[in-house]
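K.L.:
Sequence:
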Amino acid sequence: MPAGDDEYDVLCYGTISIDNVTHLTHLPHPKRDVTATDEYNEVGGEALQVAIPLATWGLRVLVVGNIIGIDWKGQFIVNELVRHPNIDTQYLRQHENVVTPFSRILVTPDGERSRIAYWYDTTPIVELTEQMMRRARMLSVDAYGRDERDRAAVVARNLGKTVISADAIWPQYPLASLSDAVVISSAWLLNNFPGVYEYDHALELQTQGAGAIMITDGPRPVLVVRADGSPFGVEPYEITRVVDTGGAGNLFKAGIIYGWRQEDWALEQRVKFACAAAGLGCQRKRADAPPTLAEIAGLMQAQPR
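Under my numbering, the first residue of the sequence shown carries the number 305, and numbering increases by one thereafter.
It should be emphasised that the hints constitute simulated quantities derived from the structure, not laboratory data.
Think of the CB as a built atom: it goes at the ideal place given N, C-alpha and C, for glycine as much as any other residue.
Errors might be hidden in some of the hints.
Unchecked claim - Quick list of the computed label-pair ranges, beta carbon to beta carbon: (1) Glu567 / Gln394: 21 to 31 Å; (2) Gly499 / Asn383: 44 to 54 Å; (3) Thr341 / Asn495: 43 to 53 Å.
Let's have the full structure, built from the sequences with the hints guiding it.
P.N.:
This is the structure in C-alpha cells:
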C-alpha cells in the first residue's frame, strides 16, 4: 500500500474477539437437555465482523481494537485474518497476561441467537490516535465500549473524516452527535427505551448533531431518517431460508459503509445495498464467507425495490 494519508478506505475500531457458535434444535433449560447439530469457531466482535465483508468487497481496511491474548483464541484470530490481505492488522496487539474475549452463541432453527459473553469488560483497549486515523478516510465504530469510542470519534471528526457508528442511541453521550450516519437495531433501542417512538428518537439524536439514521428491524422495513429529518422506509429483501440472523446487523453496517464509499450513490441506494447484504448473510452460517458483490447485485436485480 502507498504511504501517506488515506491509504485505507476504512478504519474499523472496536471489539476483537472470537465466537463459539453452536446450532441447536431448541434452547436448553432445567430438566430439558439438547443435542447440538453443529459447532464451530469464528472471529467475532463488531470491528472484525464489519472489516471482513468490507475487505471481501475490495476495500482497504485498518483494524484497531482491544488487546487479545497469546492463547489459542488469540492465535485463531490471527490465523483467520491472514486469509484477508485487504485487512491490515499492524495495530493488533497480543499480550500474555490477557485472556482473549469470546462469546458462546446458541443458534436455534429459526436463525435466532442467544449469547453468553466472557471477559469483554476486563480486556485492555488500544486507544485510537490521530496518527492511526489520519491514514483512513472513514471510521467505523460502535457503542459497545466505554469512553474510548467517543474519543475515537472525536479524533476522526477533528481530522475531517466520515464517522459511521452502530447503536449510538443515547443523546446524552457524544458518539451519536459525532456520527455522519448511525445504524441502530430497533430491538436494542426498544430494550433501552421501552415504548419509544423510533422517528421521534431519531430526531432527538439529530438535534444533538447526528447525521442520517437507519433503524433496522429484522424482516420489517428499515426506517431511514435523512440528515435533514425527513424519513422514508426501505423494504428488506425476501429471504426464503434463514440459517443465522446473528451477523445481519454487522453486514448491514458494512453495506452502509461500502455504499458511503460510492460517492454517486444516493442514501436510498446505500440502504438497499445494505439490506441485500444483510439478507444474504442470514442464509449462511456465521463462519461462511460474506456474500459477494455479484450475489448482492443479483438479489437486488431479482427483487427490485
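K.L.:
Each of the hints needs a verdict: does it hold here or not?
P.N.:
Verification of the hints:
Restraint check, Glu567 to Gln394: a C-beta distance of roughly 28 Å satisfies the suggested window 21 to 31 Å. Taken as a hint, the range 44 to 54 Å holds for the pair Gly499 and Asn383, whose Cβ atoms sit roughly 46 Å apart. As the Cβ distance of Thr341 to Asn495 is approximately 29 Å, the hint placing it in 43 to 53 Å is violated.
Consistency note: the structure conflicts with earlier hint 3 alone.
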